[in-house]
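Fit chain B to the supplied structure of chain A, relying on the hints for placement.
Line by line, the protein sequences give chains A and B. Everything in the first sequence is counted per this note's numbering, starting at 476 for the first residue and increasing by one. Everything in the second sequence is counted per this note's numbering, starting at 476 for the first residue and increasing by one.
The hints are simulated quantities; they were obtained by calculation from the structure and are not laboratory data. There may be inaccurate statements among the hints.
What the hints assert, rightly or not - Below, computed lysine to any residue pairings styled on SDA-like, alpha-carbon distance capped at 20 Å:
| id | chain 1 | residue 1 | chain 2 | residue 2 |
| --- | --- | --- | --- | --- |
| 1 | B | Lys618 | B | Ala740 |
| 2 | B | Lys493 | A | Asn589 |
| 3 | B | Lys576 | A | Lys618 |
| 4 | A | Lys493 | B | Arg513 |
| 5 | B | Lys746 | B | Glu655 |
| 6 | B | Lys759 | B | Ala734 |
| 7 | A | Lys536 | A | Ala642 |
| 8 | B | Lys493 | A | Asp512 |
| 9 | A | Lys576 | B | Lys576 |
| 10 | B | Lys493 | A | Pro511 |
| 11 | B | Lys684 | B | Ile482 |
| 12 | A | Lys576 | B | His681 |
| 13 | A | Lys576 | B | Ser488 |
| 14 | B | Lys493 | A | His588 |
| 15 | A | Lys536 | A | Arg573 |
| 16 | A | Lys618 | B | Leu508 |
| 17 | B | Lys576 | B | Gly525 |
| 18 | B | Lys493 | A | Thr486 |
| 19 | A | Lys576 | B | Thr486 |
| 20 | B | Lys684 | A | Glu596 |
| 21 | A | Lys618 | B | Gly509 |
| 22 | A | Lys493 | B | Thr555 |
| 23 | B | Lys536 | B | Ser579 |
| 24 | B | Lys493 | A | Thr583 |
| 25 | A | Lys493 | B | Ala740 |
| 26 | A | Lys618 | A | Phe663 |
| 27 | B | Lys493 | A | Gln748 |
| 28 | B | Lys493 | A | Arg573 |
| 29 | B | Lys576 | A | Glu480 |
| 30 | B | Lys576 | A | Lys493 |
What the hints assert, rightly or not - Some chain B residues judged to face chain A by a derived CB distance under 7 Å, without partners named:
| id | residue |
| --- | --- |
| 31 | Leu481 |
| 32 | Ser494 |
| 33 | Val496 |
| 34 | Ala499 |
| 35 | Ala504 |
| 36 | Val523 |
| 37 | Pro571 |
| 38 | Leu605 |
All residues carry an ideal CB built from backbone N, CA and C; glycine is no exception.
2 protein chains.
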Amino acid sequence: MNEFELIGQLTRSLPANKSLVVGAGDDCAVLDLGLPDRLLLFKTDAVVEGTHFTSATPPEKIGHKALARCLSDITAMGGTAVSALITLALPRDFDPARVEKIYSGINTLARRHNVSIAGGETTLNPERLLISVAMLGTAPRGKCVLRSGALAGDAIFVTGELGGSLASERHLDFEPRLAEGRWLAENFSLHAMIDLSDGLAGDLRHVLKASHVGAELLAGAIPISRSARAASRAETSAKPPLLAALTDGEDFELLFTVASKEAVALLDAWKKQFPKLKLTCIGKITPGEGVTIRDKEGVRPLVAHGYIHFA
Amino acid sequence: MNEFELIGQLTRSLPANKSLVVGAGDDCAVLDLGLPDRLLLFKTDAVVEGTHFTSATPPEKIGHKALARCLSDITAMGGTAVSALITLALPRDFDPARVEKIYSGINTLARRHNVSIAGGETTLNPERLLISVAMLGTAPRGKCVLRSGALAGDAIFVTGELGGSLASERHLDFEPRLAEGRWLAENFSLHAMIDLSDGLAGDLRHVLKASHVGAELLAGAIPISRSARAASRAETSAKPPLLAALTDGEDFELLFTVASKEAVALLDAWKKQFPKLKLTCIGKITPGEGVTIRDKEGVRPLVAHGYIHFA
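Here chain A stands alone, though its shape is the one from the complex:
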């Protein structure tokens, strides 16, 4: 049983109550505690030494990444982050100076986005450092963007450029798209949104599954990062750049869908609002299931794990 199968089984019958609006399965849980204008967003995310960073990673960047990942999930709901709690599971013989630098990375990012660090705890995890961040945010009632609202015919957009995040270490100092996500949710009727952590191909599938639709991507439109292109040139064993952009993961850009008739106005407004950040229409939502990719040779299915099946 892999992680996704296990989660699927566990989340089938979790306890609910009347304040739970959206439980497991979206970027954040959504709670209604009776605020007239807002819903609450609730999220946890953990980073572990050896998986999300190494013992050589600068500690400020570990702290930055731990908080930024949670912020990115709040953003993907069109929300505003309010407060975080930090759980530090420290190995034996931890260096207090290293822990202070981790907090320095957390605090700098938190201050930039007006997020309070409301406390947390330290505990012992003898073999390796693990940081779990719990975050609380809000989204305007009626403007909370789920994964489940994509409709056939929608245009699919992504922010920024994709691929090569691990190789270029962008995953350690990316800036979560908080202003962008909030602006999009406030000004347009987004149908679905997700942040790209597992890779475009994988995360798009989460949206499609939740929305019961399919998608057709335009190969030539996928915004491939400079680092994905460079890695491909440098090593013959590296992924082709398009495959890297589809599958590398840890981009922490936003993917969203919007009715195609809104697409041009949205792009125009975006260019005025965020002139330095690319926004690209990469394809459309289709009826039915599955993902296809179109290039000059035709349309082909994009199979599981994002690898392109050359039929």
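For chain B alone, coordinates are given in the frame of chain A:
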């Protein structure tokens, strides 16, 4: 630098914002998001294999304990638990059946207290199981009980009996005092409250430090559990029962203070409301600093770590 020194240093200058009412240093953080009648409580707590349970602990009890600890913290604010997120950091070769049983323990307890499990995540922690629970609760505005309100002259109460929790495995299946904590906060002007996780002596000191007061305990009044007495009889190397009740930890009972003139009415009402659960006045809050303990031989200081100094 020990855990408390490190936490002290880290929490000196954490980022705040206008919604943060109480940050690091109480049982829960307290947030004001503008609900007219309630404040939000926000808490995380982690349990780690080898520290809080062993590889032989029945998995349902691991799940129960992980959630119950967080519930106990919500209770210690006089609050009501609303929702939790579960982070499971799983070793390699985890047994999915074991994980399901952990969730079964979590879900049973959550349903009993009408707490939603709003999701969470699984991640890899190769060497051992770690579970972090994030919890959201509410407390009536003006009825949230902090550690910092104890006043000289207050009576000090504890629920239940203390000591021997680890030896008797009560720490694995204790029932958090949710109904009791809420009833106390709603019906009496509690000055301070805390849940007993580190042991009476240590946790009382957290209240005294936050409130800038001292305390005098009555040795003969401390409610010593049957398991603490039994352990002491069974092994000559065991702690004396009173010392066990003062320092064993993991009791998860409530300690609170209330104006002495309310003490008798509170005890009478308690006996009617919760006839099966002991409530004991164990001493009083004093001006100044430090803890003393009174027995038939006189008054002696209770020194750090709870060990009684025989002067």
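Here is what the structure says about each hint:
Straight-line distance between C-alpha atoms of Lys618(B) and Ala740(B) comes to about 19 Å, which keeps the hinted pair within the 20 Å bound. Among the hinted pairs, Lys493(B) with Asn589(A) is consistent with the structure: their alpha-carbon atoms are about 9 Å apart, no more than 20 Å. For the given pair, Lys576(B) sits about 37 Å from Lys618(A) by alpha-carbon distance, which is inconsistent with the 20 Å threshold. The straight-line distance between the Cα atoms of Lys493(A) and Arg513(B) is roughly 17 Å, inside the 20 Å bound, and the hint therefore holds.
Only pairs whose Cα atoms come within 20 Å are accepted, and Lys746(B) paired with Glu655(B) is accepted, the gap being roughly 12 Å. As the CA atoms of Lys759(B) and Ala734(B) are separated by approximately 10 Å, the hinted pair is consistent with the 20 Å bound. Distance hint between Lys536(A) and Ala642(A) is fulfilled; the C-alpha atoms sit about 15 Å from each other, no more than 20 Å. Under the criterion of a C-alpha separation no larger than 20 Å, the hint pairing Lys493(B) with Asp512(A) is consistent with the structure, at around 18 Å.
For the given pair, Lys576(A) sits about 38 Å from Lys576(B) by alpha-carbon distance, which is inconsistent with the 20 Å threshold. Proposed proximity of Lys493(B) and Pro511(A) is supported: the alpha carbons are some 19 Å apart, at most 20 Å. In summary, the hint linking Lys684(B) to Ile482(B) is supported, as the alpha carbons are separated by about 15 Å, within the 20 Å threshold. Annotation: proposed proximity of Lys576(A) to His681(B) is violated, straight-line Cα distance about 27 Å (limit 20 Å).
Straight-line distance between C-alpha atoms of Lys576(A) and Ser488(B) comes to about 13 Å, which keeps the hinted pair within the 20 Å bound. This hinted pair checks out: Lys493(B) and His588(A) have alpha carbons roughly 13 Å apart, not beyond 20 Å. Proximity of Lys536(A) to Arg573(A) is assessed by CA-CA distance (about 11 Å); at most 20 Å being required, the pair is judged to hold. Annotation: proposed proximity of Lys618(A) to Leu508(B) holds, straight-line Cα distance about 18 Å (limit 20 Å).
For the hint pairing Lys576(B) with Gly525(B), the CA-to-CA distance comes to about 19 Å; that is within 20 Å, so the pair holds. Distance restraint check for Lys493(B) and Thr486(A): the Cα-Cα separation of roughly 35 Å exceeds the 20 Å cut-off, and the hinted pair is therefore not satisfied. Proximity of Lys576(A) to Thr486(B) is assessed by CA-CA distance (about 13 Å); at most 20 Å being required, the pair is judged to hold. Between the alpha carbons of Lys684(B) and Glu596(A) the distance comes to roughly 19 Å, so the proposed pair stays at or under 20 Å and holds.
Proximity of Lys618(A) to Gly509(B) is assessed by CA-CA distance (about 19 Å); at most 20 Å being required, the pair is judged to hold. In summary, the hint linking Lys493(A) to Thr555(B) is supported, as the alpha carbons are separated by about 14 Å, within the 20 Å threshold. The straight-line distance between the Cα atoms of Lys536(B) and Ser579(B) is roughly 9 Å, inside the 20 Å bound, and the hint therefore holds. A threshold of 20 Å between alpha carbons decides the hint, and for Lys493(B) with Thr583(A) the separation of about 17 Å falls inside it, so the pair holds.
With a C-alpha separation of about 36 Å, the suggested pairing of Lys493(A) with Ala740(B) is violated against the 20 Å cut-off. In summary, the hint linking Lys618(A) to Phe663(A) is supported, as the alpha carbons are separated by about 9 Å, within the 20 Å threshold. At roughly 27 Å between alpha-carbon atoms, Lys493(B) and Gln748(A) are farther apart than 20 Å, so this suggested pair is violated. A distance of roughly 29 Å separates the Cα atoms of Lys493(B) and Arg573(A); the hinted pair therefore is violated under the 20 Å criterion.
For the hint linking Lys576(B) to Glu480(A), the alpha-carbon distance of about 16 Å falls within 20 Å, and the restraint holds. The hinted pair formed by Lys576(B) and Lys493(A) fails the criterion: a straight-line CA distance of about 25 Å is larger than 20 Å. Annotation: Leu481(B) was flagged as interfacial toward chain A, and the flag holds, the nearest CB pair being 5 Å apart, inside 7 Å. Given the 7 Å rule on beta carbons, the hint for Ser494(B) holds: about 6 Å separates it from the nearest Cβ of chain A.
For Val496(B), the interface hint is violated, since its Cβ never comes within 7 Å of a Cβ in chain A; the closest pair sits about 9 Å apart. With 7 Å as the threshold, the beta carbon of Ala499(B) comes within range of chain A, its nearest partner Cβ sitting at about 3 Å, so the hint holds. The closest approach between the C-beta of Ala504(B) and any C-beta of chain A is roughly 3 Å, which is under the 7 Å cut-off, so the hint is satisfied. Hint on Val523(B) holds. Least Cβ distance to chain A is approximately 6 Å, under the 7 Å limit.
Contact between Pro571(B) and chain A, as hinted, is supported at the beta carbon level, the nearest pair being about 5 Å apart and thus within 7 Å. The restraint placing Leu605(B) at the interface with chain A holds, with a minimum CB-CB distance near 6 Å, inside the 7 Å limit.
Violated hints, in rising order: 3, 9, 12, 18, 25, 27, 28, 30, 33; the structure is consistent with all others.
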